[in-house]
Amino acid sequence: MTRDEQFIAYMKAFEASTGHLGSCADCQEDAPCEIGEEIHADFIAQQDAWNART
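Taking the numbering used here, the leading residue of the sequence shown gets 3, the next gets one more, and so forth.
Hints were generated in silico from the structure; no laboratory data involved.
Treat the numbers as computed from the prediction; the structure is a model and nothing was measured.
Virtual Cβ for every residue (Gly too), placed ideally from N, Cα, C.
Treat the hints with care, as some may be off.
Stated by the list, open to error - Label-pair restraints from in silico Cβ distances:
#: 1; residue 1: R5; residue 2: E31; range: 32 to 40 Å
#: 2; residue 1: R5; residue 2: C35; range: 26 to 34 Å
#: 3; residue 1: C35; residue 2: M13; range: 17 to 25 Å
#: 4; residue 1: E7; residue 2: I46; range: 12 to 20 Å
#: 5; residue 1: G24; residue 2: Q49; range: 16 to 24 Å
#: 6; residue 1: A27; residue 2: E7; range: 31 to 39 Å
#: 7; residue 1: T56; residue 2: E36; range: 26 to 34 Å
#: 8; residue 1: E31; residue 2: D6; range: 31 to 39 Å
#: 9; residue 1: T56; residue 2: A27; range: 19 to 27 Å
#: 10; residue 1: A33; residue 2: D6; range: 30 to 38 Å
#: 11; residue 1: A43; residue 2: D6; range: 33 to 41 Å
#: 12; residue 1: D6; residue 2: A47; range: 17 to 25 Å
#: 13; residue 1: E31; residue 2: E7; range: 29 to 37 Å
#: 14; residue 1: Q30; residue 2: T4; range: 32 to 40 Å
Using the sequences and the hints, build the whole thing.
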């Protein structure tokens, strides 16, 4: 994956995570729902991958 592709994946994961957090009451209470857990885990993985590159 190129640096640009990885950054885009990271930003899409960030957008998905913040979008879900904003609309899910369970996730707002620090108790992620089943869907939220997957979305937030993907964001963390993408963020870790990006940070490892920089």
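Do the hints match the structure? See the list:
For the hinted restraint 32 to 40 Å between R5 and E31, the CB-CB distance of approximately 36 Å keeps it satisfied. Between R5 and C35 the beta carbons are some 33 Å apart, a value that agrees with the proposed interval 26 to 34 Å. In this structure the hint that C35 and M13 lie 17 to 25 Å apart at CB holds, the actual value being about 23 Å. A hinted range of 12 to 20 Å for the beta carbons of E7 and I46 is consistent with their spacing of about 19 Å.
Restraint check, G24 to Q49: a C-beta distance of roughly 18 Å satisfies the suggested window 16 to 24 Å. Between A27 and E7, the C-beta spacing of about 34 Å keeps the proposed range 31 to 39 Å intact. With their beta carbons about 32 Å apart, T56 and E36 fall inside the hinted range of 26 to 34 Å. Against the hinted window of 31 to 39 Å, the Cβ-Cβ separation of E31 and D6 comes to about 36 Å, which satisfies the hint.
For the pair T56 and A27, the beta carbons lie near 34 Å from each other, so the given range of 19 to 27 Å is not met. For the hinted restraint 30 to 38 Å between A33 and D6, the CB-CB distance of approximately 35 Å keeps it satisfied. About 23 Å separates the C-beta atoms of A43 and D6, a value inconsistent with the hinted range of 33 to 41 Å. D6 and A47 have their C-beta atoms about 18 Å apart, which keeps the hinted 17 to 25 Å range intact.
Between E31 and E7, the C-beta spacing of about 34 Å keeps the proposed range 29 to 37 Å intact. Here the CB-CB span from Q30 to T4 is close to 35 Å, well matched to the stated 32 to 40 Å.
Violated hints, listed in ascending order, are 9 and 11; each of the other numbered hints is respected by the structure.
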